[in-house]
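Visitor: These are the residues of each chain, in order.
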Amino acid sequence: MRYKSYDKHYHLMLLPGMALLVVFHIVPMLGVAIAFQDFKIGRGIWGSPWIGFENFAYMFQIHDSAVIFYNTVFISLMKMIAHLIVPLVFAVLLNEVRIGSVKRWVQTIVYLPHFLSWVILASVISDMLSLDGIVNRLVKALGFEPVMFLASNKWFPAIIVGTDIWKEFGFAAIIYLAALAGINPNLYEAAEMDGAGRLKQLYYVTLPSLLPTVVLLATLSIGNILNAGFDQIFNLYNPLVYSSGDIIDTYVYRAGLVQAQYGFATAVGLLKSLVGFAMIVLSYRIAYKYANYRIF
Amino acid sequence: MVRNKTLGSRLSEGALLAVMLIIAIVSLAPVWHTVSLSFSDNSAAAGGFVSFWPRGFNLESYRKIVAEPHFLHSFFVSVQRVLLGGAINFALTVLMAYPLSRGGKEFPLRTAYMWFLLFTMLFSGGVIPLYLTVKSLGLFNTLWALVLPGAVPVFNVVLLMNFFRNLPKELSEAGYMDGAGPWFMLLKVFIPLSLPPLATVTLFSVVGHWNSFFDGLIFMRSVENYPLQTYIQQLVVQLNLADLDSTQAELLEKISDKTLNAAKIVVSMVPILAVYPFLQKYFIHGIMLGSVKE
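Here the protein sequences come in this chain order: A and B.
Here our numbering is used: the first residue of the first sequence is 8, the next is one more, and so on.
Here our numbering is used: the first residue of the second sequence is 17, the next is one more, and so on.
Simulated from the structure, these hints should not be mistaken for laboratory data.
Note that the structure is a prediction, hence the values are computed from the model and not measured.
C-beta atoms are modelled at their ideal positions from N, C-alpha and C, and glycine is treated no differently.
One or more of the hints may lead you astray.
To be verified - DEER-style ranges, computed between Cβ atoms: (1) A:267 with B:86: 22 to 32 Å; (2) B:290 with A:145: 30 to 40 Å; (3) B:186 with A:57: 53 to 63 Å; (4) B:33 with A:145: 23 to 33 Å; (5) A:218 with B:37: 22 to 32 Å; (6) A:91 with B:290: 27 to 37 Å; (7) B:209 with A:15: 16 to 26 Å; (8) A:104 with B:154: 24 to 34 Å; (9) A:100 with B:124: 49 to 59 Å; (10) B:86 with A:284: 39 to 49 Å; (11) B:189 with A:15: 13 to 23 Å; (12) B:296 with A:145: 30 to 40 Å; (13) A:193 with B:189: 29 to 39 Å; (14) B:84 with A:267: 26 to 36 Å.
Stated by the list, open to error - Facing chain A, according to a computed beta carbon distance under 10 Å, are these residues of chain B, among others: (15) 33; (16) 46; (17) 49; (18) 60; (19) 62; (20) 81; (21) 82; (22) 110; (23) 133; (24) 138; (25) 154; (26) 207; (27) 210; (28) 229; (29) 277; (30) 295.
Said to hold, decoys possible - Taking lysine to any residue and the SDA-like style, the derived pairs with C-alpha atoms no more than 20 Å apart in a straight line are: (31) B:80 with B:58; (32) A:15 with B:26; (33) A:207 with B:26.
The following block holds chain B by itself, in its conformation from the complex (with noise of 0.2 Å):
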């Protein structure tokens, strides 16, 4: 399509760029504004100087982390949970998306598991029941409480059941007249064929596995036991709220220790924008996946 070039339409195309770059800016700003602060000095972060760039670039603050035994061993629990997690959750959506992909004459009860499913999703019981019932499985302080409640990611299921679904009848017929088995077509024909909606859920649940913080703080009895995030709840904005309402505010914001908080923050970040490229070349498609049937 042409489109003509008017004196008009240049301005209106300049304002549009100039708009979006404010957008991307508004965007960036606070994860900007705290890596400055993670990189500064902790007078001038704690005097306000701290903008858009460090003052008084050091790294003081990365050096106080690697002394901190509690952040790091959060941080590995936090792997630990990522990695467990992500597998339970990659097997069992595999696992349950075959199945019920499968059409209602060669799986009748298909359509039972499926409202099954959607009730689950739908209806839960709660947050004290649920607390309960670990509890009372004796999963408390343990790295099971934070991956079994979520290990069904019921929506990645039905994201990848979708995608199954709208792959090529033959291939299913062709492959059972050759006498393969269901698990055979599941891990050589069907896996191989889905490599980018695998990709995208099993980025979901570890990206959700690693942003999780409540879960840890209900179920967890000791502060060594904490995920990163929910050890960045307690100690960063617990301290952050309790300095506003307090004549102590000037006392704690004198304490705090603002620069090695942010670069707690931006530590915590950092596996985020490390699978952020692969997140990014793939979740749009992802998304789409559900949404499309035929």
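Looking at chain A on its own, in the form it has when it is part of the complex (with noise of 0.2 Å):
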């Protein structure tokens, strides 16, 4: 079949979209220049000194570099790690609920977390955490000393990790839940027939149908190693905690809005942006090449 030429008609219909793109994407793309400068904002880009890779030979000078670059490549594997099995965990036990209505709400209620800001959700768990706060009534109840759990080094990274799991297993459980329910009940049937038990069957059916879809969420999720998550740890720590939960896009922020090295600041951004570049990319060719997956 062959269509009259409708071209322009698309061109007309992506401007507005593009022009956007260009504006708030590929121009600060070409801004990233200020990484090589010793940028002044009074100056602007075009005034300021040239200082070629000094900002990046700074960056591996300071001890804070390798201090940030641990946290979070540590904070976001802890999640990673976290990510793929606590939600696997919930939706094989959700799946295995027989009652309808119970299913639905439960379904209901752990997504909630997901829509809510970690602005809010911060504010509600920095005040559970508090020295005079629910969780510490609870350790004092049970005998203990209580804890300045934000202000503390050791507990610092696991509340981070816990909370932002406690925030996104129910939502990340529903690809699970959709590989789950995709699984051939005649598989389940054979099993029953051959005198598998439910355990059996959970072993030598349901695990080994998942293990694709795991495999590719684990693939995919190396893409985000430099991404620790800028919103929770932005609400939730202090200075007491840098050395623990100081993460790269964090440190950014400090660096360029609140003590202006712009160049400086930059130069860190785009290496991270580099990074994560080839972390995505790479990511993706190795779940094109074993899991086929495109994607468009």
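Assembling the complex is the task here: the two chains are given apart, and the hints tell you how they should meet.
Guide: Here it is in structure tokens:
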């Protein structure tokens, strides 16, 4: 079948969106040039002196960099592992529930935190974890000393990972629930014929059927290795826990927008973007090769 | 499938339901605790006597909110950004998804556009260059700073595009046979057929606008222009963090109005809770859209 050419209209439809993407994505990308400058906001990008790779060199000299890099990778790795296991276990358990109304109610409730902002949840969490908050009341009732959770470098990363998984596990389970719904019921019937009980069916039918989904999600999450969750940490951290909780994004914010070291902060951000980009490309290639996954 | 009901299986069924109940309670507890706080007597809240039911039930903190012009104004800023930003997101998503859903033969440059989109999705200049761009465009302190940088929700475009592509080819062919142009096809055929995914992406973008605080924090120069989440971030979160590390902790604790803060948080959650039933209905379907391709 031959189409009349509507190209012109298609370009026209795409024009407004493309124009906005150029202004707010491509122009800032060119703006990373200031990573190579001693940028002064009064002089602008044309008037500021070029200093080559000095900002990058400085980054590798200061002690902070190693700590921040370690925090970022550590927190996001822990989150990644938690995100692979908790939603999977939850989905499998929920799938075993036979009462439809219970299933729907539980789903409705566990999805809710996903839709609340970190600003709101952080204020709720920091209230609950404060010295006279509800958690410390429980700690005291059990006979322990109260803990300043959000001021403790020992607790902070665990709280970040724990509250993140608390917020997202329900929503993340959706994809597993869909995969579970797609398992051929004949497999279960055959297993039952062969005398497999519920546990054996879980082990020999359910889990192997979910394996491809798990592998795919694990692969795709590699691309997020440098995203430890800005919104969450920004709203929960404080100077006392910088040594365990400061991540690249929060550091860039403080260096750039609070201390006005624009060039340096942009250099840090640029390096993060480049590494992140490489990781995403890598993870998509692996996903394409082994799971035949394509985004479009 | 018939499952035999032995004693063991009934026991495990019971245990399973108990686990589900605990999970549901844990998911809801923090929100529930905050709601209880907001309806409690201030001294009971400050003394740490409120758990999961209001102590000394009263509406005092909600009365105080109504008398706080800054809070109401921020609420209004957020409503404005949701309406304007949501409308812009919707229009651009539809306008971009349709041409990109056309095949390569019909629209040869499609692949080039797709690579461009993918690139913007994967790579960004970071927050500082965006900040400087918005500044140099003179958008600081205006509503435009909150809606234009995220005007194209690329992920939603891809989601809707995949849905369009899975609609039967015969639709377009029949339409074009009858002489319908692309605008007619989009507005009168594709959009009416795509209400569930459109509801999904719209609700995603509305929730995203309501929840975002960071753009308000860096692009707004005066407190009156803060959207609600930024306002709460500044007043509630910062205060909580401040009282952790200083000897003024107790003093601040006494001044800070726990029940009022809780009430502010509850009010800011209300719109999300109000659209939640609709979200619930569509988003599962919507999320799966992008993942199944023929």
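Visitor: Take the hints in turn and mark each one as holding or not.
Guide: Do the hints match the structure? See the list:
1. A:267 with B:86: 22 to 32 Å: Holds: the Cβ-Cβ distance is about 27 Å, inside 22 to 32 Å.
2. B:290 with A:145: 30 to 40 Å: 32 Å, holds
3. B:186 with A:57: 53 to 63 Å: Distance hint for residue 186 of chain B, residue 57 of chain A holds at roughly 59 Å.
4. B:33 with A:145: 23 to 33 Å: 25 Å, holds
5. A:218 with B:37: 22 to 32 Å: 29 Å, holds
6. A:91 with B:290: 27 to 37 Å: The hinted range 27 to 37 Å holds for residue 91 of chain A and residue 290 of chain B, with Cβ atoms some 33 Å apart.
7. B:209 with A:15: 16 to 26 Å: 24 Å, holds
8. A:104 with B:154: 24 to 34 Å: Violated: the Cβ-Cβ distance is about 56 Å, outside 24 to 34 Å.
9. A:100 with B:124: 49 to 59 Å: Since the Cβ atoms of residue 100 of chain A and residue 124 of chain B sit about 50 Å apart, the hinted range of 49 to 59 Å holds.
10. B:86 with A:284: 39 to 49 Å: 41 Å, holds
11. B:189 with A:15: 13 to 23 Å: 20 Å, holds
12. B:296 with A:145: 30 to 40 Å: 31 Å, holds
13. A:193 with B:189: 29 to 39 Å: Check passed, 38 Å falls within 29 to 39 Å.
14. B:84 with A:267: 26 to 36 Å: Given a distance of about 32 Å, which is inside 26 to 36 Å, the answer is holds.
15. 33: Constraint on residue 33 of chain B satisfied, holds at 7 Å.
16. 46: For residue 46 of chain B, the interface hint holds, since the closest Cβ of chain A sits about 5 Å away, which is under 10 Å.
17. 49: Since the shortest Cβ distance to chain A is 6 Å, the answer is holds.
18. 60: Violated - the Cβ of residue 60 of chain B stays beyond 10 Å from chain A, reaching only about 12 Å at its closest.
19. 62: It holds, given that the least Cβ distance between residue 62 of chain B and chain A is near 8 Å, below 10 Å.
20. 81: 15 Å, violated
21. 82: Because about 20 Å separates residue 82 of chain B from the closest Cβ in chain A, which is outside the 10 Å limit, the hint is violated.
22. 110: 9 Å, holds
23. 133: 8 Å, holds
24. 138: For residue 138 of chain B, the interface hint holds, since the closest Cβ of chain A sits about 5 Å away, which is under 10 Å.
25. 154: 13 Å, violated
26. 207: 13 Å, violated
27. 210: 15 Å, violated
28. 229: 5 Å, holds
29. 277: 7 Å, holds
30. 295: With a closest approach of 7 Å, the residue 295 of chain B hint holds.
31. B:80 with B:58: 12 Å, holds
32. A:15 with B:26: Distance ~66 Å between residue 15 of chain A and residue 26 of chain B Cα, so the pair is violated.
33. A:207 with B:26: 17 Å, holds
In the structure shown, a violation is registered for the earlier hints numbered 8, 18, 20, 21, 25, 26, 27 and 32, in ascending order.
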